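Trainee: The primary structure of each chain is shown beneath.
Number of protein chains: 6
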Amino acid sequence: MSYPAGTTGVVVQNIERADQSIIDRLAACGVATVHEAQGRKGLLADYMRPVYPGAQVAASAVTVLAPPCDNWMLHVAIEQLQPGDILVLGTTTPSRAGYFGDLLATSAKARGCKGLIIDAGVRDVHDLKEMDFPVWSKAVCAQGTIKETLGSVNVPVVCADQLVNPGDIIVADDDGVCVVPRVEAAEVLKKAQAREANEARKRARFEAGDLGLDIYDMRERLAEKGLKYV
Amino acid sequence: MSYPAGTTGVVVQNIERADQSIIDRLAACGVATVHEAQGRKGLLADYMRPVYPGAQVAASAVTVLAPPCDNWMLHVAIEQLQPGDILVLGTTTPSRAGYFGDLLATSAKARGCKGLIIDAGVRDVHDLKEMDFPVWSKAVCAQGTIKETLGSVNVPVVCADQLVNPGDIIVADDDGVCVVPRVEAAEVLKKAQAREANEARKRARFEAGDLGLDIYDMRERLAEKGLKYV
Amino acid sequence: MSYPAGTTGVVVQNIERADQSIIDRLAACGVATVHEAQGRKGLLADYMRPVYPGAQVAASAVTVLAPPCDNWMLHVAIEQLQPGDILVLGTTTPSRAGYFGDLLATSAKARGCKGLIIDAGVRDVHDLKEMDFPVWSKAVCAQGTIKETLGSVNVPVVCADQLVNPGDIIVADDDGVCVVPRVEAAEVLKKAQAREANEARKRARFEAGDLGLDIYDMRERLAEKGLKYV
Amino acid sequence: MSYPAGTTGVVVQNIERADQSIIDRLAACGVATVHEAQGRKGLLADYMRPVYPGAQVAASAVTVLAPPCDNWMLHVAIEQLQPGDILVLGTTTPSRAGYFGDLLATSAKARGCKGLIIDAGVRDVHDLKEMDFPVWSKAVCAQGTIKETLGSVNVPVVCADQLVNPGDIIVADDDGVCVVPRVEAAEVLKKAQAREANEARKRARFEAGDLGLDIYDMRERLAEKGLKYV
Amino acid sequence: MSYPAGTTGVVVQNIERADQSIIDRLAACGVATVHEAQGRKGLLADYMRPVYPGAQVAASAVTVLAPPCDNWMLHVAIEQLQPGDILVLGTTTPSRAGYFGDLLATSAKARGCKGLIIDAGVRDVHDLKEMDFPVWSKAVCAQGTIKETLGSVNVPVVCADQLVNPGDIIVADDDGVCVVPRVEAAEVLKKAQAREANEARKRARFEAGDLGLDIYDMRERLAEKGLKYV
Amino acid sequence: MSYPAGTTGVVVQNIERADQSIIDRLAACGVATVHEAQGRKGLLADYMRPVYPGAQVAASAVTVLAPPCDNWMLHVAIEQLQPGDILVLGTTTPSRAGYFGDLLATSAKARGCKGLIIDAGVRDVHDLKEMDFPVWSKAVCAQGTIKETLGSVNVPVVCADQLVNPGDIIVADDDGVCVVPRVEAAEVLKKAQAREANEARKRARFEAGDLGLDIYDMRERLAEKGLKYV
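Chains as they are written, first to last, in the working numbering: chain A, 1 to 230; chain B, 1 to 230; chain C, 1 to 230; chain D, 1 to 230; chain E, 1 to 230; chain F, 1 to 230.
Because the hints were derived from the structure by calculation, they are not lab data.
Bear in mind that the values here come from a model prediction, so they are computed numbers and not experimental data.
Hints are not guaranteed to be accurate.
The list treats identical chains as interchangeable, and a pair is accepted whether it falls inside one copy or across any two copies.
Derived lysine to any residue pairs resembling SDA-like cross-links, with alpha carbons at most 25 Å apart [unchecked claim]:
1) Lys129 to Ile15
2) Lys147 to Gln56
3) Lys225 to Asp132
4) Lys129 to Ala45
5) Lys129 to Asn198
6) Lys147 to Thr7
7) Lys129 to Leu150
8) Lys129 to Met218
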């Protein structure tokens, strides 16, 4: 059963996930390639930054809808995690508070969680790095949160300008975060791998000193558009 | 004698400081814990970021009130530093100019200063990292400053949304910056350490796979609020 | 021949460059010193940040004027690069899209290019770091671009609040980016080196514990302005 | 038939709309009341501002998904408008360009359109005011757009942090913009009108000098929480 | 008795206020003049904007410290209002939620309150204008708030970068908001009025076509600094 | 004689201006039309907003380069004004201070000045509206400035992302600000007027209910790109 985006007071316990082998291969492709491969859709806003550099992951989204300055639903969501999942948190109104720190990371990691995507703030970022638990967030902020108001788990959420459905695949690295609809994962992977093969060939030519103008046959079209060399 | 926040043209030479052993133990607790321990007060705005990651300090505030794009008062303030102090600079009007670089850092360090909290910009950040002189700032900016207008040293200043009194304790790490009133330091330390002990116990349970829902007995209250599992 | 800033549809093929030995010595001075040495001019807006820390370069600007979300002109510009050049891209309207990634970096590097200054976004930042190809940008963003509309190469461009002429010298490090007019390069270098010698003397005094108040003879002027010690 | 959010290349021609009398009564309630009545959901980000003050509307959403700096889909969308509709535009990547001006407003108005909600820029704002065609936007910007790339009409779009489905009801006034799911419109209206009646009674008491502390019986709970009067 | 800035859980019932005739005359001077007259201190950050243009007020501050997204303390504060007061709200952590609307304005107005200065959001702005109840805020936002957590009334608060003590005088107009310490009010008024008299003389000379270069005798000093006319 | 952008310490007294009848006719066209007519160049960043709505002007730029928080050069610039000029101020480093208020406006108006474009702050905005002296600025801010450091008058300046040369034509209205190079003014006017005539014809068709899809013959190209109607 599916609920509309923004529904509060609901925990959806059974969600469908994509095939793990597809997810792993999407991780290897990285955000920029996956984003191109699915037709330049699904990129979260670029204010979402890794709290430390170097991580590259793909995982199934367990979504969390949270009230402002209230992280209660994260505790609820962690029970729903399966190994290979990633938490994706959107808020009902913008907040930069620190919803998540080392204790929740310990709990999530104990259940096999691969990271957190949060359109809000996190804290204990030094510990997160030590634990190798990657987070992409809007802010780093030590401000704590309360536990007063219900949100939801595994309803569709808007996170950093994108709609994320539970079970969608999240790809994240130093370039940012991209969401791939679960049902399109196989098709996107195929295109991403084709793109990678093509890029490898191109890279070799670029390394050899060939120009994009020639590799992509751009000179004639530039001239038609009226480009003048002086 | 105390002066109102914003007073210009004054250098207060004798300020009270907290007990150094308390300060050192607050450093070990870190920003997030200290902030919680004092009732979620005193956190500077989250735009204050370390210019390089990894430092964790606590120190007594020597406060500086500075005009826009004018760093004259930093020279005056350095004479007032004692070993174990930290400079805390607020401006009379917002500025992102580079008030502080490697020469001032050399001078401050020679007097035992433990770092700088500045609601403006700094430069020579590569040198600051080499020198192991930590800075939390609003901006990195090579734009220099002038020396034309008086501010003050050791009057109360507003720095990144918080009032800092001279002699207050500053705690800073990768999560940001928090100010603890001098007279509350011992009490805050006690609560912070209790919190740490408690968190250590919780962490062990989380690592063992226990859920926050159970550790914090949340299930009943969630049900009362109407949370539905579907 | 020179074209006005903002001209589109033109590639200027022959530009004058400064003497390479001057450029190399400016690199060694760094941004803060060069900026001071040329009278506090030429600093790009401080939102321009290195995509990874630690690089310090100086190079001759090959300028690119690009439409929003359109990186076609970068391909055209790469053909105009000579060893020791740096690409400087301004847009005709603000954009945060990812104009540049590892393939273009491979191509630019094959021609001896020393980096990129871009008032927009880049992607593949992990690869750029691996390749040791430094970039200073407004954003990191995986969003791709199109190739539909002409801009120009080697016309004057506004980049992050500063006018950059082709052949001007760009100095960039962890403090940001500064532009030095080509014809002033020798004079600026002379002043920057004098400044460095002077700073070395000052640094020794600061390390020895002397105060800026005495090194710069500030006490009398502070008293004249009315500074009170209490 | 329904398409996932972000689908490009599709125009959905037949969408369901809510009952016009419900929509009109929601308009009379205004944004703040409607937002409260539906449980504090559905508010667009507060950067969405009216280009001129004073308008208050409710209408059925005809949604537009548009590429950056490309307004082609607005022409396509206008053909799908029915009297009483409002255009709601989200972009595939953030843009502040001016997608909409007096000509498109003339065309939309000729088809009975009641306004525009756009997570991007508009221009000709003086004319829009003269025409009494209300717009809520992220920016006012004269920068024109191109017509090169397909988006979609009447697929779900994310607009200023909220998901808007075609046929949802948009309520907008000087306080901002709120979206009401079509199927919940009648229920939300009932609650909004109850709320208004209740507020009218409260307003009378406030005007008479009664305090919220008494009207809402807050004194005891404040005392329990520990509030001290000194 | 006075409490430190940031204290929560306290309502100070008796505060001292400045002489009403001084306050009224400060209102007539306006923000820019008062700010200059008190030595360029006390200006709130320029993101504080009037929700409608044209109001010009001065009043005694009744301060409110509020948790994020929680407006409970405003109800408490209104009981403490006397005719001629203005509410000044700072938050314990940044928030843009709508803390205040037409019902609270009705209540505050019934007690003689002259307006609101709020470092957060407000709603019902069309009604506020109709009621002639001026507000200067950081945001307009229909998002409602809860009533769960204590703050304080009439403790010192940081509001938009400035410390405001209860009983300080707030001056606000279309240029922004300025705070004058209660004990300095008479002195600031004297200087502000002298400044106005002086400006009236200057204005007459400017209207007659005299230049600032001559009125302020700037030519010689400009020449000394090296200004060249070419 | 011309000086490079950013030169300080110089006042250029004789600048060339465009023909006044051309300027007046550009004013009538407005910003959006002029910007399109010159090939979508020259638009200042959209953070430049009118301090009151409704003004529409075109005028010759007298440029001012000013240090941060220092308005000395405005006094120098006013002497250089001729009737029909407009002041255009860029800063050497970003500033939001209030450089300009009612006294300077009185002086500028006495010399026939038509307004101010300022990449910084202004104050006395209520008076400016009363005087009918239009200003487009980055900020409204009562913070005053000093008079300590030289800038320049009538050298090229970067103002809100655009290079403005002295004597260029500025067009400004509620949509923002656009700069037209002096030597291109006649050509731009011709294109702008052609555009207006064309738009008048289009507007009539739109009012009659014709669609852009037909007026601009878009249907075939949309189909070729693959747009599906469902």
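Trainee: Evaluate each hint against the coordinates.
Mentor: Hint check:
no.	hint	verdict
1	Lys129 to Ile15	neither (29 Å within a copy, 38 Å between copies)
2	Lys147 to Gln56	neither (31 Å within a copy, 29 Å between copies)
3	Lys225 to Asp132	neither (50 Å within a copy, 35 Å between copies)
4	Lys129 to Ala45	both (23 Å within a copy, 22 Å between copies)
5	Lys129 to Asn198	between (34 Å within a copy, 22 Å between copies)
6	Lys147 to Thr7	both (18 Å within a copy, 22 Å between copies)
7	Lys129 to Leu150	neither (30 Å within a copy, 35 Å between copies)
8	Lys129 to Met218	neither (44 Å within a copy, 29 Å between copies)
In terms of the numbered hints stated before, the structure departs from hints 1, 2, 3, 7 and 8, listed from lowest to highest.
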